[in-house]
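*Asks:* Please dock the two separately framed chains into a single complex, following the hints provided.
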Amino acid sequence: MHTLMLVDNDPAVRDIFSTFLKKSEYQVHVVSGGKECLNLLKTTVPDLILLDIMMEPMDGWETLNAIKKNPATRSIPVIMLTGKQPTYNEIIHYGGRVEDYMMKPMDFKAFIHSLTAFFERHSSRQREAQRLQKEGFDPVLIDEYYQLARTSAISENIRQRFGKTWRVNDNDYRMRKDRLHQLQATLRLPVSDPDTNRQAERRNPNHGTMHK
Amino acid sequence: MKKAAIFIVEDEAIVAEDIRETVKKLGYFVCGIARSGEVAIKKVREARPDLVLMDIHLAGPMDGIEAARQIHSRFGIPVIYITAHADDELLERAKVTEPYGYIIKPYDERELHSVIEMAQYKHGMEQKLQQSTLTIRALANAIPDAIMLLDPQRRIIALNEPMAQRLGQDTVQVIGSPVADFNGEGSLNTVLYSLETVMESSCCVQFEESDGGRWFEITLYPIPDIDGSLTRIAVQYHDINDRKEFEDQLKEEGVSQLEHNMEQFQILNDEIRNPLQAILGYIDLDCAKFRPNIGEQIKNIDTIIARLDQGWVESEKVRNFLLRHYRHGKGDPAGGERESSRGGQT
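These protein sequences, in sequence, are chains A and B. The working numbering puts the first residue of the first sequence at 1, with every later residue one more than the last. The working numbering puts the first residue of the second sequence at 1001, with every later residue one more than the last.
Isolated chain B (complex conformation) (with noise of 0.2 Å):
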């Protein structure tokens, strides 16, 4: 394993010395020493260590905690804090730099050892950690879906730029804002409305909801505690537009072409009782004599009832189209059928 790079920012020379042999002898490398806060930002800077040893008394115009903070803040690099004194003034000063540790001295190497190990293992978590929000923040803002996720005071823990969009707001600014804060449109009436079941019931909420022109299937899904209590509920919008269009093409060319299928049976109907009236004719005349026209009639019924068998086969179609698409499972038309087997048994 690589050896830590510690710098160590101290205004006393001997006690700055006596930290660096300690921390040598603990097997760590020094990469610099600095007497006062503003040589440490710029040493520091350069340098890039792992971690900083510093002192909170510095000589000059700038004392450690400023220090801390800006090497921090600016760099991303640990502080520990050593010092001689221990006051709660100043411990909560330095509590607000958020700093890894905390050392007080006279210490020991056990005791430095064991802060610098410390510190070294909060800060490559914290970088684990950042890592993987960066990872979900872009994995969350690759699907076209908006998504946010709402505290039980419905309030914006977090969300995606696509929610932050059709929020009309910037991501960070939404945060820890009321939703109902944003109900300008439609569909947000509604979510607000689904909050309410999924709270009580603590179950999925779907439904589709035209917004803006187009249509989106919205999700309410709650997201239960560790303990199982309900602290967030996620909401998503998937558009669901061209897939509605596509259906509502295709509900309009069922019904037309059944329209048009019951147009044609109704002229059959009536086409195929003018040649039974004709034969009946004929035999109430002579059967024998008007044996040709007969004939010719009874073609005409075959031809009538072939586009009636034509007419079946297009029914057909338009059947099967509407049990695929409208009855139970999407695009599966035995779908129905098995649910209502199931039914049966129970």
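So that you can see chain A by itself, here it is in the shape it has in the complex (with noise of 0.2 Å):
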């Protein structure tokens, strides 16, 4: 059983989503805060974190950036789930060490799906850097791959989800994929967009994270 922690100050959204995530058979620490949730992780390491990000005064990107910056914590992966629309520089920033963005209101069958196709993910991602560490690659470049994966595969979704109202800088883009490629290139990875399973699920209407 996995065990979740989220983060929202909003009661009525703590409280929806613990109730359907207990149900679905996940242990829940509910916080309504980023200093009440830095103040947690001190007892409980949770397998996952799920992070609101407009909040007072400590706001969801300071607070990934204290949990990421400290040692104990680092590990653990943190989704960002909000009604925020980001911006293209916020991906950039912070993309990198989110697992994913899930924007509210999103239906709780796609979202829980989600959460299985992440821990999945999540586990064989793992094992594949595992391997690429054996295999004597730099964990310089394995992490930079990592990162910029993870920063590839979210701008995709946002991008897919509102179009050309989500500006891009698309030079920055560009630039960003042809260095993906060449990274997977590298590290002998199949070159092709890592997200690959993804989209197939979002493409499913009965699988998609984001609530249309």
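Do not take every clue at face value.
DSS-like mimics (lysine-lysine), calculated; alpha carbons at most 30 Å apart, straight line [stated by the list, open to error]:
id	chain 1	residue 1	chain 2	residue 2
1	B	Lys1299	A	Lys35
2	A	Lys22	B	Lys1299
3	B	Lys1025	A	Lys164
4	B	Lys1025	B	Lys1043
5	A	Lys23	B	Lys1299
Rather than coming from a laboratory, the hints here were simulated on the basis of the structure.
*Replies:* Given below as structure tokens:
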């Protein structure tokens, strides 16, 4: 059974998410803000943190920074769970350190499904990373690859959801894609979008994490 | 009409008497006669005649030309020369004193009459011109704008006191100097550069520039001569510093209000999705059981929409302000639209 930590300042949102998560047999710790999250992390290490962004006084991005700075909590995966449309700069800046960017409101079935998919993908990635390290690839390169893969996957999803209204720096976007393909070639991984599986999920209406 | 008072300067008593008779006959009033230059100056100062008839050759150390010069320059009274000989050298000397007429003896009544009348007319015109020059100067100095006129060689023809102050010079000293001589500060550089454009195109040039810590609207406009040729260019400095400061302040307020609104919209964007998420969950769980919860969340949404409405009103204010001040016409929000519709017709 996976343990999750849900960080959100809205009590109704906390209630309803924890209800569904518990129903799906997740163990859930619920906190109302960034500071409370960091406090609880001193005693509890969850398998995943679901983090809201627009919170006072410490917002989600600040909380993420603190989690990723601390060696004790750095490896805990984080999914942003928010109503805020991200800017391209935010995704470039933070995208490498988060597993996904989910936007409220979303269908709970799809949400639960995407969590399952995440845990599967996460463990397969961990296995892949271990293998690459054993094969003697530079850990810095491996890290760069996964960060870039996450950023690319998230920005691709947001682009699909918002279309042209989401303003992207096209040059930067292309450069990142090119670098990603380069890294895939270097690490002898199949040169394709690393997010092919998730895109397939999204194309299937029963599996989408995003509520349209 | 008042009879003109005439003063006669003649060293020969008989000739003086003859002139007096003629002048009286012509209907003028003779207010005095002097036989030497020195006495003439003294008497003219007291009598203040309208005109002086002056013999060029006078007995004594001061000749008629010198006496005429002093009378004209000190008292502004016009002088007509009377002489028996008209050699060129004498005429040249007399010319310098700007005489109002010249009569060569022997003269007849009619000639004397017309010369006196012409001299009076000319003097009257000169006084009017002097008056209007004073009026124009007073007007030019009364406005706070700094103004100067340049000739096509970029020399200063005229300027008002505010402009002299700008150039750090005395008004009279500056006249005739090339404007480039005063090119210490930044804005004169642009003025010199723009002069080319004005002379080439004969069009007005206007720009805003900061100079000595204040903002000016600087206008250069061509002043064509009667025949249409460009002989003068006016340069005007209009101080717009207060307006600029006010505009900057308004701009800043507008921008910060917009930023505030955008921030609020972002927060509300996020907040409105929370109750929607909760409602979605309640529906999934059991619609009937969670009816009160759903109602509460709908109320939350309504509050957020009210805040969005308020944000819209605030944004509209900022938009109208920006339209008013930064689109085509100043202070006229419809100005821009009129402009574009006119553009559409052409």
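*Asks:* Each hint: holds or not?
*Replies:* Hint by hint, here is what the structure shows:
With a CA separation close to 29 Å, the supplied pair Lys1299 of chain B and Lys35 of chain A stays within the 30 Å bound. Proposed proximity of Lys22 of chain A and Lys1299 of chain B is supported: the alpha carbons are some 27 Å apart, at most 30 Å. Taking the CA atoms of Lys1025 of chain B and Lys164 of chain A, the gap is about 104 Å. The hint is violated against a cut of 30 Å. Between Lys1025 of chain B and Lys1043 of chain B, the direct Cα distance comes to roughly 23 Å. Compliance with the 30 Å bound is thereby established for this hinted pair.
Of the supplied pair hints, the one linking Lys23 of chain A and Lys1299 of chain B holds, its CA atoms being roughly 27 Å apart against a limit of 30 Å.
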